[in-house]
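For the sequence shown, position 350 (counting from the first letter as 1) is numbered 350 according to this note's numbering, and the numbering increases by one without interruption.
Hints are supplied without guarantee of correctness; some may be wrong.
30 Å max Cα-Cα, derived DSS-like pairs, lysine-lysine [claimed, not checked]:
#, residue 1, residue 2
1, K72, K303
2, K107, K57
3, K342, K357
4, K164, K152
5, K164, K204
6, K164, K319
7, K204, K12
Pair ranges (Cβ atoms, derived) [said to hold, decoys possible]:
#, residue 1, residue 2, range
8, Q131, E301, 54 to 60 Å
9, H336, R264, 25 to 31 Å
10, T83, R264, 43 to 49 Å
No wet-lab data here; the hints were simulated from the structure.
Note that CB positions come from ideal geometry on N, CA and C, so glycine has one too.
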Amino acid sequence: MYNAYVYRTLMKELKNRFFMGIPNEIQNEEKQLEEYKEKIMRPIQLNVVKNLRSWMKMYWEEDFLGEEGVQKQLETWVQQMQTESKKYSWYGLLAETVGNEWKRLKKHGSKPRVVEKDYLAVEIPKKFSFQNLSPDELADQITLMDFRIFRKIGARECIGQAWKKKDNRVKSPNILAMIQQFNNLSTFVQIHILREKTLRDRVKAIKRIIKMGEQFRASRNYNSLCALFGALNCQPIHRLKLAWEKVPEKQKQVFEEFMVIFSRDFNHRNLRQLFRNAPAPCIPHIAIFLQDLVLIDDGHEDKKEVENLGGRKMVNFSKSQKMADRIKNIQMYQQHPYTDIKENEVVQRILLEEFAKLKDVTEEDIWDMSTEVKKADERDKARLF
């Protein structure tokens, strides 16, 4: 019921914006009147119809199909344009454009249902060894898992900071899934290092994780690269000085490169530069994207006064355009999957199981593990190396 109200309200606002009227002071000024129609009224109306068609095409099933009230508003709008086409010559063409789009969507607008694969049902071969997988293979399969979530993020999930609301699981399920995937990998990396029994094995684990990071960088999966870097740089891992001292300089240098990428200087300038230049396929760092959306949302009013309409408040299309520009950047990458990576369903099942095991692990648990490991390293440093 609430969503239907929102859709009807949006349709009403768009219609009001379209039939914006003419200021009283120029009603009898022929030259000013014609100039107003051509330079102000017509461009605004064309833009409104453009946005209306985009809305219809992108959200036909969610907002129009089955919503008779919304479709009735649309029908009335088209009829009014047709009626007033004698007064404004361009109305007829706009009415025809919207009407044809409406008819097409009613006939062909529904999308086929996609059945998600159940990776947890995949059978694991008896001789399969997770520990023998290469860092590149692990990173590649995580990238495929990430992209499967990333490509499902809808534009509407990004509006109004929906992922922060009480009903976020309904309004932004895929953004929340992407955040959870980030957290899962971060915890996985830390536990992967801390559960090793010896200092020597912890050094090997750090090397292995850094090599995974190199593969994430090569595949332009900046979301998982950030999760991995954050895990290596967090205090429970960073304070394992004895282990880090034994990591080869080559891997340390790579880690330093990651540090440069994720520097927060100048509003993450280095990372943003990588985004701008990255060819597809690519998975951007979701936190930076959400940060930008929050700044736009908090920094601009939803409605603003329009001088030409006597100070009447209308939808702030400038804010909407800024939001749309950010979202389009993400949508561009959503269209390009990682076709060069072969899916390994067994590895993905095991990773899903490993992530599930860690869902109840807390920061306190990780800190306690790190404390025990640090003590063990101090005891064993002389005899292990």
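Legend entry - Given pair status - K319, K164, alpha carbons within 30 Å: 19 Å, holds
Inset, instruction - Hint says 25 to 31 Å; check whether the CB-CB distance for H336 and R264 agrees. - result: With a Cβ separation near 28 Å, H336 and R264 satisfy 25 to 31 Å, so the hint holds.
Legend entry - E301 and Q131 - C-beta distance against the hinted 54 to 60 Å: Given range 54 to 60 Å: holds, Cβ gap about 55 Å.
Inset, instruction - Take the C-alpha atoms of K164 and K152, compute the straight-line distance between them, and say whether it is at most 30 Å. - result: Measuring from Cα to Cα gives roughly 18 Å; hence the hint holds.
Inset, instruction - For the pair supplied as a hint, K204 and K12, confirm whether the alpha-carbon distance does not exceed 30 Å. - result: 62 Å, violated
Legend entry - Distance restraint between K72 and K303, which requires alpha-carbon spacing of 30 Å or less: 25 Å, holds
Legend entry - Agreement of K342 and K357 with the hint, judged by alpha carbon distance not exceeding 30 Å: 26 Å, holds
Inset, instruction - Take a look at whether the Cβ-Cβ distance between T83 and R264 falls inside 43 to 49 Å. - result: The hinted range 43 to 49 Å is violated for T83 and R264, with Cβ atoms some 57 Å apart.
Inset, instruction - Verify the proposed pairing of K164 with K204, using a straight-line Cα cut of 30 Å. - result: Status violated; Cα separation ~39 Å.
Legend entry - Given hint K57 paired with K107 - CA-CA distance at most 30 Å: 13 Å, holds
Checked against the numbered hints above, the structure breaks hints 5, 7, 10 and satisfies the rest.
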